[in-house]
Amino acid sequence: MKPPAFAYYRPETVQEALQLLQKVNDAKILAGGQSLIPMLNMRLARPAAVIDINRLRELTEIQEYPDHLLVGALVRHYQLMESPLVRRFAPVVAEAERHIGHAAIRTRGTIGGSLSHADPAAELPLLATLGDWELHVASATGARVIPAREFFLGYLMTALGADELVTHIRVPKATGVSRFSEFALRAGDFALVSAAVSLNLDAHQKIDHLRLALGGVGETPWREPAIEAHYRGSEASPNLWTVIATEVADLIDPPEDLHASAAYRRQLARALLEKTLAETAADARQTLTKGGPAS
Amino acid sequence: MAASSWIGRPVPRIEDRPLIQGLGRYVSDIQLPNQWTLVLVRSPHAHARIRAVDVTEAQRLPGVFYVATATDDEVFRRPLPGMSPIAPPVLAYERVYYVGQPVVAILAENRYVAEDAADLVKVQYEPLPSVTNVEHALKGDLLLHPELGSNIVDHVSYRRGAGHEALNQADVVVQVTLRMGRVSAQPMEPRGIAAIYHPADDLLTVYHATQSVHRAQERIAEFLGMPTSQVRVIAPDVGGGFGVKNGTYPEEALVTYFARHWGHPVKWTGDRFEEFLGTYQEREQTHHATLGVKKDGTIVALVDTYYQDNGAFPGGGIMVSRNTARNLMGPYRIPHFAIDGYTVLTNKVPQAPYRGAGRPQGHYVIERLLDRAADTLGLDRAEIRLRNLVRPEDLPYDTGIPDLVYDSGNYPEVFRDLLDLVDLPAFRREQAEARQRGVRLGLGLAAYVEISAGFGFEGARLVLSDNGTVTLYTGATNQGQGHRTSLAQILADTLGLGLEDITVVEGDTAGIPRGIGTFGSRTMIMAGNATHMAGERLIEAAKPWAAELLEAHRDDIVFDAGHFFVKGVPSRSVNWRDLTERLKAAGSAPLTGEEYFSSNVATYGFGAHAVIVEIDEATLQLRIQRYLIVHDSGTVVNPLLTNGQVIGGTIQGLGSALWEEMQFNEDGQPLTTSFLDYLLPAAVESPEIEIHHRDYRAPGNPFGFKGVGEAGIIPSQAVILAAVEDAYRDIQLRLDYAPVTPKRLFATVAEGGNRA
Ligand SMILES: Cc1cc2nc3c(=O)[nH]c(=O)nc-3n(C[C@H](O)[C@H](O)[C@H](O)COP(=O)(O)OP(=O)(O)OC[C@H]3O[C@@H](n4cnc5c(N)ncnc54)[C@H](O)[C@@H]3O)c2cc1C
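Read top to bottom, the protein sequences are chains A and C. Numbering of the first sequence is given in the working numbering, commencing with residue 5 and proceeding in unit increments. Numbering of the second sequence is given in the working numbering, commencing with residue -1 and proceeding in unit increments.
I should point out that these hints are in silico values taken from the structure, not numbers from a laboratory. For each residue, glycine too, the CB sits at the ideal point set by N, CA and C. A couple of the hints might just be wrong.
Covered stretches of chain A, as calculated for chain C (at least 3 residues, CB under 8 Å) [as the list claims (entries may be wrong)]: (1) 5 to 18; (2) 187 to 193; (3) 263 to 274.
All chains, please: the whole structure from these sequences, using the hints.
See the structure below:
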């Protein structure tokens, strides 16, 4: 478990990093290292060069804008868990972060790394998909913005070019009430299945905003806006949550692996979705009675 | 015997301070001058012919010193010492028999270069059909080692009474096929070994993460053809062993051979991959078991034929299979039995003892059979146990297995205590209520006897130093058990010293000439008694000197609590410090005391576990709500350490009951070779465990010690499967495979609960 030799670069600025990415062949970006280093050590990844971006201070902040947060790619998991801004404007992120690995992993692992690694069972790609986050991506030749739902292409595959760096993530402030839940075999393991829901009820207990996303049930986080649209206007009820969860569970085509059969994953998806819908609705009702949407 | 002031006290471990401060010294911390690193190229095939090995590119890589294959030298084709009736060559020759078997050895300046070189080695394999389960192995169409004439390498057989015939006398006969998955011990520190040769003295010094320095010394000496006196084996701090650091392995032969051959220090430290691929595994067995009972639940006869999927070579697996037979009776009276256990060779890494080593397997079978019999009779699962437990009036109870005579305790009373602690009626009410909320609660019960020691010896050598302190050397080899504390406690009582006056040195063949080692829960029984005996001898050796100082006759000297005095005159006494001063002044050799305690009497600890599990109907999430143990530890030296052993064993057992399983595909490829897929219980998964002691002295050794290291792990799989079944009583769930992972539970429940 020792990596093959690689060239090592440690740029001090984003600009320098982008130039290296353009210049150096077969380079991998190193952020928190919690996914890349094991892959190097197991010789599953054999890049010719590693570009360590941990010195890029520009990417370490969480900034507030009127309708969104702009999160630097190097912001660590534990910061997402603890940041007052995140807790206030994207509380579901803080909630989900508790499930990501263990304290040591959360201390080093970053939001940019987690999204770029694109593990289909990971929490942040799921929330990015649910919350319509946008990835700000730069290369030596320019910058672009990639919506989360266009970013994840497959198992550990993203729309990112070889010379591109994720610099920031645009996280819209929550408009609805969101909840997250997952089933993992042990605390800190990657989830077998995870579910996230965002929901708003109007004064008549009718759904006026609904988003559903699942992790671990395919090569990328699962979301289907057509279903969300279909239930807009429906009256909130436990029965409805069962109906939605069952419909979604029948739609997905989850994978089979050592730890779960497709059928078991399907049952987990149904159970988690139903539970998360019920919890979100309960929260949404509370917000209603308190008056006004979540702030 | 002096008054007990240390034995029985919960003294915190002396060894913890340095370990917690990061001052521990493990094999991987040992840097020998200019040491070479050994890395192995391992077989990627379960069974294949080696057509050709090309090492030219690897050999050319800068930083690589030597690349060895089996064809290079006869030494690499020698069979590993200490394994019979068939042993693999040190490096695979012509054929590979399991994924992970070493094929090429690389010596390089460091592990990075060596792994690069390993990438450059080209081995041409011709894959052969493989045998990856016992059913196939028994067909005999493919013999792993044709010279053996069979894939069955061992058959153990026991009969009592009318054996199989006695089933006719039973009112009800339950029959079941029970399986246990393969597990891997995964000590925190993987195996490792380093060696340095001193040509001037023809002396080989070996630093070895081993459980037995003396056995390692014998193997190494045998393999290298050196006298044991020229091989010194030192076990520095060892980070867990659980049995798998006690056997013969190719890496041991290679490192020691290379160090001597090249006159250059060599080190191999296995990484986690290698711990999954190359370290022996355990538990995998299939039992075809039958229990005959009377209407009232009384056991009439047990018939069990089982097969152990042992992997490609014996490893240490034969002992596990044999020990399984000795554990099938559990704590129950079984008048008739017929037991046949077969050790079967397959294309997997070999089996060797892992904590429990047959004890969990045997108990798993009898406990599951009792549950099945109770369910069939409509009898409470607790009741059937009470009706069959060995009673105090049966003691000493001859189990019908040679040399196994249960000797102490009160099994039914302890089991009843457990039931009282659980409060069975209250639990049944709670269970029914929870069910209304979609939560399934289930109770599992299992009892056990922990058979320990019963063979061999262990020694203690004491040296009184010039400052009046005593150093104790023993062949028992610590891997985290806390012997530096517990043996010091025993000696402190014998010699009337404080713990700070005693240093325990384990794991060095230079410290004591003979030893067996630490495994099978034997150290307190063997080394503990030896320590006291050696202490007595030291006292006797000191008496002439005390007599001289006190100007009395030797026979009039009495020793009590650290003081020598003339009988009847305790007011005038000398202590150990006074004696050393006298010895120094006289220019005499330091006083020593050396004794070996040997015994063929096993010890029989016993107890019972109860677990209450809570299962989420929808996700199958399992949570342990309560875990209760009533346990007999015999004489307890240090309750912190015994409880630590019991808790540690129990948690480790939960792993093999709920998550841990080495899975292989049909070609014999291991699929669970990292902690991502092989799931050990961690802190969050570890429940609070209530331990209630019912300690009965062992009648078979002077101090009454019993083994405690394996007690916790014995009933784990039985008790968890029982609890999960109980949670699904309404669908009569039947679980015949351990571990019961959520995936497996889901499948069984989905199929209506009765999957065979
Ligand atoms: C034991 C363990 C348990 C874990 N459990 C979980 C879990 O439950 N849930 C979970 O989500 N994760 C889990 N992780 C993974 C963890 O969250 C990682 O932090 C994350 O997947 C990757 O983030 P990183 O910053 O460490 O990235 P790195 O490992 O440094 O990089 C990962 C990949 O992303 C690329 N990359 C990194 N940053 C950028 C960037 N700014 N722009 C472009 N590409 C980039 C790298 O080149 C590399 O390919 C676990 C990890 C471990 C070791």
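>> Three residues or more, CB to CB closer than 8 Å: is that satisfied between the region 5 to 18 of chain A and chain C?
In response: Since 5 is at least three, the answer is holds.
>> Using C-beta distances, would you say chain C covers the region 263 to 274 of chain A, given that this needs three or more residues below 8 Å?
In response: Per the Cβ count (8), the hint holds.
> For the region 187 to 193 of chain A, do at least 3 residues have a Cβ located nearer than 8 Å to some Cβ of chain C?
Replying inline: Since three or more residues must qualify, the claim that chain C covers the region 187 to 193 of chain A holds, with 6 doing so at under 8 Å.
When held up to the earlier numbered hints, the structure conflicts with none and fits them all.
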